Amino acid sequence: MKKSIGKPLALAAGFMLAGTVLAQATASADEEEGKYKPITWAENAPLSSMDPSKVTAAIDFDGLTATNDGLFRADKNNKPQPALAESYEVSDDGLHYTFKLRKGAEWSNGTPITANDFVYGWQRTNDPKTASQYAYLFSGIKNADAIQNGKEKDLSKLGVKAEDDHTLKVDLEKPLPQLISMLPMAPFFPQNEAFVKEVGAKYGTQSKYILSSGPYVQQDWNGSNDTVTYKKNEKYYDKDAVKTKKLTIKTIADQNTGYNLYKSDTLDFTTLSPQQVTASKNDKAFTTIPSATASYMQLNEKQVPEFKNTNIRRAISYAIDRKILADKILTGSATPATTFSATKLVENPNDGEDFSKSVTVDGAVTHDLDKAQELFDKGLKETGSKDLEIELLADDSDGAKRSAEFLQSQLQQIDGLKVKIKMVPFKQRISLSADKKFDMVISLWGADYADPSTFLDLYKSDSPFNEGSWHNDEYDALIDRANGEHVNDPKKRFADYKEAEQLMSKEMGVVPLYYRSQAAFVRPSVKGMVYQPAGAPYDFKWAYKE
Amino acid sequence: MSGMFKYILKRIGIIFLTLIIVISATFFLMKLMPGSPLANAARLSGEQRQLIESQYGLNDPLMVQYWHYLVNALQFNFGHSFQFQDQPVSRLIAQRIGPSIQLGLQALVFGVISGIGLGAAAAVRRNTKTDTTLSILAVLGVSIPSFVFAALAQYFVGLKLGWLPIAGWEGFKFTILPTIALGMAPLATAARFIRTEMVDVMGSDYIELARAKGLSQNEIVWKHTLRNSLIPLVTLIGPMAVNLMTGSVVIEKIFAIPGIGGQFVSSILTNDYPVIMGTTIVYSMMLMVVLLVTDILYGLIDPRIRLAN
Chain A
372 MKKSIGKPLA
382 LAAGFMLAGT
392 VLAQATASAD
402 EEEGKYKPIT
412 WAENAPLSSM
422 DPSKVTAAID
432 FDGLTATNDG
442 LFRADKNNKP
452 QPALAESYEV
462 SDDGLHYTFK
472 LRKGAEWSNG
482 TPITANDFVY
492 GWQRTNDPKT
502 ASQYAYLFSG
512 IKNADAIQNG
522 KEKDLSKLGV
532 KAEDDHTLKV
542 DLEKPLPQLI
552 SMLPMAPFFP
562 QNEAFVKEVG
572 AKYGTQSKYI
582 LSSGPYVQQD
592 WNGSNDTVTY
602 KKNEKYYDKD
612 AVKTKKLTIK
622 TIADQNTGYN
632 LYKSDTLDFT
642 TLSPQQVTAS
652 KNDKAFTTIP
662 SATASYMQLN
672 EKQVPEFKNT
682 NIRRAISYAI
692 DRKILADKIL
702 TGSATPATTF
712 SATKLVENPN
722 DGEDFSKSVT
732 VDGAVTHDLD
742 KAQELFDKGL
752 KETGSKDLEI
762 ELLADDSDGA
772 KRSAEFLQSQ
782 LQQIDGLKVK
792 IKMVPFKQRI
802 SLSADKKFDM
812 VISLWGADYA
822 DPSTFLDLYK
832 SDSPFNEGSW
842 HNDEYDALID
852 RANGEHVNDP
862 KKRFADYKEA
872 EQLMSKEMGV
882 VPLYYRSQAA
892 FVRPSVKGMV
902 YQPAGAPYDF
912 KWAYKE
Chain B
332 MSGMFKYILK
342 RIGIIFLTLI
352 IVISATFFLM
362 KLMPGSPLAN
372 AARLSGEQRQ
382 LIESQYGLND
392 PLMVQYWHYL
402 VNALQFNFGH
412 SFQFQDQPVS
422 RLIAQRIGPS
432 IQLGLQALVF
442 GVISGIGLGA
452 AAAVRRNTKT
462 DTTLSILAVL
472 GVSIPSFVFA
482 ALAQYFVGLK
492 LGWLPIAGWE
502 GFKFTILPTI
512 ALGMAPLATA
522 ARFIRTEMVD
532 VMGSDYIELA
542 RAKGLSQNEI
552 VWKHTLRNSL
562 IPLVTLIGPM
572 AVNLMTGSVV
582 IEKIFAIPGI
592 GGQFVSSILT
602 NDYPVIMGTT
612 IVYSMMLMVV
622 LLVTDILYGL
632 IDPRIRLAN
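Chains as they are written, first to last, in our numbering: chain A, 372 to 917; chain B, 332 to 640.
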């Protein structure tokens, strides 16, 4: 009897021991540091793919940006600067781009980086068999849409050609003013055809199945582990600019854990929760990282006829105190919005100001409860309704969850307006709003690239992302003009977008809520970090720790 | 022994059937979840989404998808993850299940052994201050959620005192805090259980007899009372193991342990069908094996059970 009980325990202890030995064996020793110290960074989710064609998660963009260069790379001010391209020319009609590639650039395996690597990478992303979820960015490049939807089977018909090893020609179906600002993004990175074909389906699934064209080479990622290291890429053409020899990225899903690890000097970076922000605002390490992401409410005119009335839409907007929402409810992760387009998106070439600031209409998106009531009463009279009861759809992501109850209490201050909340999982919110099955929904949109079109084109009346079905002919005409007549004239084009945004603010096509940002601790000795508001959140190329 | 062999064979048959039911139920429940498994679905128009989903066979009729899945799953081919593009699910699970199993076993061993010790101590000194204190501690152990205990332990022991690592998984030292945090519940359960059992046994006739025979207090406690109280505890270990598997999800997150828990939760949130299915199958297999093992153990320990079979 004694033995029978002892056995499973001994077995369990054996397992334990084996596990411990294994765990210790994988813990690697630190080596050379160089003049600058190694950096240890935290991400909130594990790396999921290092394939530029299949990338989706923010952390994957970070990993790919650390290990690659595109034709262009975004600098500190989020301006694209030539990287693997040395220079480029555009035809007058804006339809033909010729990029001159840098000579002598090499992959981490020593083979030269040539124009064909771009041709192959771009074709692979557009190939429907790859099932890339970012292929839509290529829309507008010759035959990209036709190839993606299978109407054109010949990949070589894609409007990208290698004229010689160092000359890349890109042909477009329509001018794409945002093309250059998209080039620093992972789906536009080069891919080494011989290497990709050699490793086949395993491409991008482990460190040994990727090649670097950029500042770092990745090590010891086995496809699902939580600690991934990056070493300086000695083959990188711009290696002199890379000061950090070793960069470690750890997955830390819990912000309290991240905070404790930061405080114990184990991490150089951690994001902060609203509670932590309140306690840490005056810390030297406190940093707000911008992201060109905006939260807004869509009012479904198809489901609630009253929302067709401009006064009612405006009443809803005036009832919301966005300052309280940003400061007290979403502490540290939001600033009050005055426009649909996010802040930190792009500079308006007409006045050199941040686009969102430059297009803000004074008093259009603000808090004024008396005005809200007045407009609401007027709107109800016009629509012939007595009162209004609506459902606010929100998802369980942190920002929306916190916002929903606050918005409900704000909106119910209007006499005659009742708001119920419907909270669903994120994925369900996405599908319900895409199917237009909601009264009012809290949405979030992050910029794809640094150009106003990434926001304002969404709300053209025929756009699938116009989920509220707001329709304004003048607005549509302005967007069309920006993409047509004025497409090759940045100043006129931005003027069109400004007018469109201002029209939308006055008409309240969507109800802007806040611009999202990320509060974090960044160790003050870490310098040179670049945060791309519309791209990879973290670019480590120039980062170093003293 | 042939009776035992037959019994095990029968149980394995039942496990296999249960597995098919679990696979089927999970498959259809999962397909009821709204939303697309594409990570970037929010930025794709309906048409683009359809095109990509058809590449993954997601537009096939449900029964066709189900049949493909069942046939593959029974050959332990769980397919490729959506979230972790092109990663075979079996590999994702294999790479992360080790820390989860290690943590669960350590917590179980720690919890049960300490629980037995504390329970026995309380029973021997029943109705004294020691007993009351231990009982209060046991109630606290059961009622304080493990994540609260984990957060407090991490902050005080890890950060403030610096005695143990705050988080991570780089050696035995790193496993101590999570093991204790996860082991608190089984510890408290085992302690309360053993105390009650022992107090019961101590009042029984054969203990009275042992006492009358003049056996020492030590002999009575260790040889007769404790040993007889341990038998029913074996039945508790099965459910405890299950609790540890599910409880470790939160503990893994707090201590940044590269286990399977976080991956499972995120697979559900992202509609990563192959990973959901694969992990469910592995979890339910583990659960059924644990239950089988405890049943067999129980038969081995208690001859009455074997006779009943």
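Hints were generated in silico from the structure; no laboratory data involved. Among these hints, one or two may not hold up.
Claimed, not checked - Heads up, simulated BS3-like pairs for lysine-lysine below, C-alpha to C-alpha not over 25 Å straight-line:
1) A:K772 / B:K491
2) A:K524 / A:K545
3) B:K491 / A:K634
4) B:K362 / A:K793
5) A:K655 / B:K504
6) A:K808 / B:K362
7) B:K491 / A:K652
8) A:K742 / A:K757
9) A:K634 / A:K652
Unchecked claim - Far from chain A, some chain B residues (derived; all Cβ distances over 10 Å):
10) I339
11) L348
12) Q396
13) G489
14) V552
15) I612
16) S615
17) D626
As the list claims (entries may be wrong) - Here are some chain A residues pointing at chain B (derived, C-beta under 10 Å):
18) A533
19) S578
20) K621
21) N631
22) T637
23) D767
24) S802
25) L815
26) W816
27) S832
Quick caveat, the model's predicted, so the values are computed rather than measured. Ideal Cβ positions, reconstructed from N, Cα and C, are used throughout, including at glycine.
Okay, the hints, checked on the actual structure:
{"no.": "1", "hint": "A:K772 / B:K491", "result": "violated, 33 Å"}
{"no.": "2", "hint": "A:K524 / A:K545", "result": "holds, 21 Å"}
{"no.": "3", "hint": "B:K491 / A:K634", "result": "holds, 10 Å"}
{"no.": "4", "hint": "B:K362 / A:K793", "result": "holds, 22 Å"}
{"no.": "5", "hint": "A:K655 / B:K504", "result": "violated, 32 Å"}
{"no.": "6", "hint": "A:K808 / B:K362", "result": "holds, 20 Å"}
{"no.": "7", "hint": "B:K491 / A:K652", "result": "holds, 21 Å"}
{"no.": "8", "hint": "A:K742 / A:K757", "result": "holds, 19 Å"}
{"no.": "9", "hint": "A:K634 / A:K652", "result": "holds, 15 Å"}
{"no.": "10", "hint": "I339", "result": "holds, 16 Å"}
{"no.": "11", "hint": "L348", "result": "holds, 26 Å"}
{"no.": "12", "hint": "Q396", "result": "holds, 17 Å"}
{"no.": "13", "hint": "G489", "result": "violated, 6 Å"}
{"no.": "14", "hint": "V552", "result": "holds, 16 Å"}
{"no.": "15", "hint": "I612", "result": "holds, 18 Å"}
{"no.": "16", "hint": "S615", "result": "holds, 20 Å"}
{"no.": "17", "hint": "D626", "result": "holds, 13 Å"}
{"no.": "18", "hint": "A533", "result": "violated, 27 Å"}
{"no.": "19", "hint": "S578", "result": "violated, 13 Å"}
{"no.": "20", "hint": "K621", "result": "holds, 7 Å"}
{"no.": "21", "hint": "N631", "result": "holds, 5 Å"}
{"no.": "22", "hint": "T637", "result": "holds, 7 Å"}
{"no.": "23", "hint": "D767", "result": "holds, 9 Å"}
{"no.": "24", "hint": "S802", "result": "holds, 5 Å"}
{"no.": "25", "hint": "L815", "result": "holds, 8 Å"}
{"no.": "26", "hint": "W816", "result": "holds, 8 Å"}
{"no.": "27", "hint": "S832", "result": "violated, 15 Å"}
Hints 1, 5, 13, 18, 19 and 27 from the list above are not met by this structure, while the remaining hints are.
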